[in-house]
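Asker: Residues per chain are reported as follows:
4 protein chains.
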Amino acid sequence: MITVLKPNVTAEQRDHLIDWLEKQKVQVHISEGSEYTVLGLVGDTAHIDMDLLASLDIVQSVKRVSEPFKKCNRKFHPDDSVIEAGGVKIGGKNNFCVIAGPCSVETREQIIGVAQAVKDSGADILRGGAFKPRTSPYDFQGLHGEGLLLLSEAKKATGLPIITELMDMKDFDLFEDVDIIQVGARNMQNFEMLKALGRTDKTILLKRGLANNLKELLMSAEYIMAGGNNNVILCERGIRTFETHTRNTLDLSCVPVLHQLTHLPVIVDPSHATGHSDLVPSMALAAAACGADGLMVEVHNDPMHALCDGAQSLTPAQFDTLMKQIRKVLEAIKE
Amino acid sequence: MITVLKPNVTAEQRDHLIDWLEKQKVQVHISEGSEYTVLGLVGDTAHIDMDLLASLDIVQSVKRVSEPFKKCNRKFHPDDSVIEAGGVKIGGKNNFCVIAGPCSVETREQIIGVAQAVKDSGADILRGGAFKPRTSPYDFQGLHGEGLLLLSEAKKATGLPIITELMDMKDFDLFEDVDIIQVGARNMQNFEMLKALGRTDKTILLKRGLANNLKELLMSAEYIMAGGNNNVILCERGIRTFETHTRNTLDLSCVPVLHQLTHLPVIVDPSHATGHSDLVPSMALAAAACGADGLMVEVHNDPMHALCDGAQSLTPAQFDTLMKQIRKVLEAIKE
Amino acid sequence: MITVLKPNVTAEQRDHLIDWLEKQKVQVHISEGSEYTVLGLVGDTAHIDMDLLASLDIVQSVKRVSEPFKKCNRKFHPDDSVIEAGGVKIGGKNNFCVIAGPCSVETREQIIGVAQAVKDSGADILRGGAFKPRTSPYDFQGLHGEGLLLLSEAKKATGLPIITELMDMKDFDLFEDVDIIQVGARNMQNFEMLKALGRTDKTILLKRGLANNLKELLMSAEYIMAGGNNNVILCERGIRTFETHTRNTLDLSCVPVLHQLTHLPVIVDPSHATGHSDLVPSMALAAAACGADGLMVEVHNDPMHALCDGAQSLTPAQFDTLMKQIRKVLEAIKE
Amino acid sequence: MITVLKPNVTAEQRDHLIDWLEKQKVQVHISEGSEYTVLGLVGDTAHIDMDLLASLDIVQSVKRVSEPFKKCNRKFHPDDSVIEAGGVKIGGKNNFCVIAGPCSVETREQIIGVAQAVKDSGADILRGGAFKPRTSPYDFQGLHGEGLLLLSEAKKATGLPIITELMDMKDFDLFEDVDIIQVGARNMQNFEMLKALGRTDKTILLKRGLANNLKELLMSAEYIMAGGNNNVILCERGIRTFETHTRNTLDLSCVPVLHQLTHLPVIVDPSHATGHSDLVPSMALAAAACGADGLMVEVHNDPMHALCDGAQSLTPAQFDTLMKQIRKVLEAIKE
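Just so you know, the sequences run in chain order F, V, Y and S. Just add 2 to the spot in the first sequence (first one is 1) and you have the working numbering. Just add 2 to the spot in the second sequence (first one is 1) and you have the working numbering. Just add 2 to the spot in the third sequence (first one is 1) and you have the working numbering. Just add 2 to the spot in the fourth sequence (first one is 1) and you have the working numbering.
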């Protein structure tokens, strides 16, 4: 950590600060310039409160050299984490993982039908929302416990592991049969929930917040891991920009960046990111081409009820075509 | 609600949709153009799932004409809401309310000392964090229950009502003596928490999320009010932009905009928005000048312990000077 | 174009507005609701000043149904535009075009060396900056006319067409030998320059501005085409977001979106978008996988002068490897 | 300037870099840590190409300690710049300057009428657009030379100095009678135009770009001043955010920040920022309260032609009321 002092700092003030820093078990290297004094802090600086330090009257600026995240940091864990959930491997070479299913669980027929269809096309895991985060209190909020039971039935019927979103720890006990718990984008910085999940041994898929950067995403992963739960999967699902033709902007460059910074797997959700089913295949192929560890794709099988045709959902037939193309792209980029 | 159909929609598809809409108790006015068909939906459209409608294959676009929020909407409640908390009135003409206090509760001496100081300068309510949302799991997370007890002591000692942040409903019972519960920016769309707070009768100060727009802020207020709790205060605390000289960008134009859209009071927090104490007075005066219903300002009294000098906190002396200037500005804009 | 009137509009005001609209040669369809009146405008609405209309006291909101861009609109020109520059085809099926070269032209040896290297690896067009837009007036601004002469020499030596940026029409005459003129991101809305280029017959590569949406990009293309010059190539080079690990955020979903909206070719520049050479190959492959019409990639050959090792430039060897991978991905996505 | 080297850098590489830096006339202070080496660069670092330095393979990160702008930097020019234009002083204590007038010059009657009205209410300078930057090539682009002549007539009739926007240096000669040349937000980084204006002695009002930060704004001012023209006024006119109730988001905290960073005057334009006349008074008062050096406000006098009622323009009567309130607020904040 580099700390630059303001020009007019007295020797007494400087020594007072250095004293305080050394009490926190970091070594301080002083570099006096003609205009500025620079303190180089070495040692375990992760517990230094950077905001507090930057707020001192005598400090001009503070800059971290080493990242504040440790458990998810690739530096201290060079090999890819391979996370198992319901017998499926996520992360690492040649474990490309496809999660597919409807936005919401609606009926037994729907969820089992989609589950069977996506399994036939090669999906590894079934998704389906039972608790739905909605901007409006007047919108459909999901089937809740009943939805979870239907998901379990689909799991039993097809053998696919299941992933679904948890919105409040009070419902945690209902998720016993769930293989992967999803933390939604709006809860990425619900720190109390992250801490509580860190004390469980469930596999967590952590979605990036709509306006959060990658450091913040990794700090939220760190919250879970600091509690002892290392089963964390990261998910890019689009960020908020000024573009309106897509619901959000899929930040695919986060895939190679996250692979540099962390050993955790990185999954891409092109359905929520774009919000339009006709954009999903292109972005799914791009995600595969740039090295993502998997995809989360919305699929519905509702030809009779066209009114519920989710704008961002593929039909099973479209999904089947996409899976074939993805396999070709994965083959093409194999080293 | 205006729904534009795609050019190639058949009469059968159109009638199918109209049928579905009318079943949801809205009237449909059809306007056929040479290129497009426009459906005007009239009636109680708040419960129509706009995303679902927009996602239909035959729909080009959907636009709300009336706002989807009802209980916080000024149209249905033209008079300013005046909310009472601990005997203090917030909202309405001539009730400018100043909330002041330290970022975190640290010690009995600190919190009682600051409470007395800000009361002497004219503050109406005491703030102080006991549960602190921090980006890093390794940063100081607050004194929790002990902090709440110290806040209560300061309340008893000075008579000032108190406001502090709640991060998880599991801690709610500890907040009995708290007059206003703060929902932090990162929890603005923690919908389960909003619902739970809606079932209480506590006064809630709802902070705008770092990348949320005003419609989303009002929908979150609506979540609380839909549960029956109308005691909601809105708080602007800066939004994320590309500017780095300030921690966030204070969006003061939200004050007159919110006053048009809603009857709820609007408080401005210049301390968190700017992150620098030397910018706080200017922005506090600007907030008063543009019609805010009050301010939330960080103040500390820690001359002996300069290391905890929060970059964004005013000293009691600076706060006292600011209070005098604010009174002059309030007088100047009085009609 | 849909115009929603405010609830309290009188019949006289409404008729006054309709009268004014009809004088501008658009037909008006009236749809009276119980709360709102909706006017559907049909005909040539491209010349209606939407901002002006929205600004009227009696108007609640205005929404375009048809896009305001015409000449670049795929609706009126369903086939892909294939643009030729220096014998190279850009756009259309199976014309994937690779533009490569150094950020700045530095010396004869450098530019001819890189040109030969990228040609050998399969590049189609040589890039190199002679006029450099720099945020600071004290930074290197390019070799100007001398740089253009060196580019011409490299063109003669290798047969590769050349592309370089124009920053001011006063320098236009120097660009006679240049095959494609680049309009930089910061000049995307330099409307006078766009108009002037519209009166030439040069091929223009128009880069998207750092905070511009796709509609604005297409309106800027429309500025050039409205003047009679249809030789326009669009280029995505990253947009400004809150992420800091990459210089900008490459918005790859713009590729399929632009292909829906326009017939113009879409090129992707992963070098400027990411700012880091180690991220360029992943994003180049992703761009190829999602259907881009080509790439613009920075390559330098400066092993002796490591200090000028542009963070975002590939070495010729890295570029050669990338070209082989790109060919495999292009093969994989072939229908 | 602080440069942090990567952990694995050899002594030879380090010395090579130091050698290169010292040749550029900066002194280098080395601070060796156990993990990182930090180089502190002292001296005239403004001409060091920070991007180039950061791009070197051996460099981890670079951070400027001193700002890269010099001529507009308050450190080297502690007193406020007071700029005179047409006899009016802008900047410095007690020179609050109000610029008012219509968005576009339309007719002789209009511009002279508005000029007389705003003068009577206390405006100091007349604004009016003759060259209009429009997103669409099909929108009204202004009266050009004819508009400038009408502005001159209004100047002669009222004695008010005039300000209007220049979009291309080819039109510069037409601006002889113009007292202040406005550089629009979309041209803030049209570096060639800034350089050309730097070689003139015209007073320039430089508008902040829609997605530019304050450092970039100051670097653009530096472009003008580096050419020898010190008559630069900065103007905040709103930045692009995710909020849609206002056209842009007025960043008022930039006023005290810019006053810290630079000696140049800072003017606020609430009309373009908000896009709604009913928000203009609140934001104008807020701008006055936080210390802006003046305002630029749109006013029209077009009661007969309600259709041209610009959404963001005040009527002369509204402007007159606003001027009275502003005077009260200015009085209230006087020290």
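Be aware that a few hints might be false.
For identical chains, the list gives no copy identity; a pair is met inside one copy or between any two copies.
[Unchecked claim] For lysine-lysine, the following PhoX-like pairs were computed, each having C-alpha atoms within a straight-line distance of at most 20 Å: (1) K72 / K8; (2) K65 / K217; (3) K134 / K25; (4) K217 / K77; (5) K217 / K326; (6) K77 / K8; (7) K336 / K95; (8) K72 / K330; (9) K172 / K197; (10) K95 / K172; (11) K65 / K8; (12) K121 / K217; (13) K72 / K217; (14) K121 / K158; (15) K72 / K27; (16) K65 / K77; (17) K77 / K204; (18) K65 / K27; (19) K326 / K77; (20) K134 / K121; (21) K25 / K217; (22) K72 / K95; (23) K326 / K336; (24) K197 / K72; (25) K27 / K134.
Calculated from the structure, these hints are not laboratory results. Remember, it's a predicted structure, so these values are computed and weren't measured experimentally.
Asker: Give a verdict on every hint.
Answerer: Each hint, compared with the structure:
| no. | hint | in the structure |
| --- | --- | --- |
| 1 | K72 / K8 | between (30 Å within a copy, 18 Å between copies) |
| 2 | K65 / K217 | both (14 Å within a copy, 19 Å between copies) |
| 3 | K134 / K25 | neither (48 Å within a copy, 24 Å between copies) |
| 4 | K217 / K77 | within (15 Å within a copy, 34 Å between copies) |
| 5 | K217 / K326 | neither (34 Å within a copy, 33 Å between copies) |
| 6 | K77 / K8 | between (32 Å within a copy, 13 Å between copies) |
| 7 | K336 / K95 | within (10 Å within a copy, 25 Å between copies) |
| 8 | K72 / K330 | neither (36 Å within a copy, 37 Å between copies) |
| 9 | K172 / K197 | both (14 Å within a copy, 13 Å between copies) |
| 10 | K95 / K172 | neither (37 Å within a copy, 41 Å between copies) |
| 11 | K65 / K8 | both (14 Å within a copy, 15 Å between copies) |
| 12 | K121 / K217 | neither (35 Å within a copy, 39 Å between copies) |
| 13 | K72 / K217 | within (12 Å within a copy, 33 Å between copies) |
| 14 | K121 / K158 | within (13 Å within a copy, 57 Å between copies) |
| 15 | K72 / K27 | within (17 Å within a copy, 39 Å between copies) |
| 16 | K65 / K77 | within (19 Å within a copy, 23 Å between copies) |
| 17 | K77 / K204 | neither (25 Å within a copy, 47 Å between copies) |
| 18 | K65 / K27 | within (18 Å within a copy, 25 Å between copies) |
| 19 | K326 / K77 | neither (36 Å within a copy, 31 Å between copies) |
| 20 | K134 / K121 | neither (24 Å within a copy, 44 Å between copies) |
| 21 | K25 / K217 | neither (27 Å within a copy, 37 Å between copies) |
| 22 | K72 / K95 | neither (23 Å within a copy, 47 Å between copies) |
| 23 | K326 / K336 | both (16 Å within a copy, 12 Å between copies) |
| 24 | K197 / K72 | within (16 Å within a copy, 35 Å between copies) |
| 25 | K27 / K134 | neither (46 Å within a copy, 24 Å between copies) |
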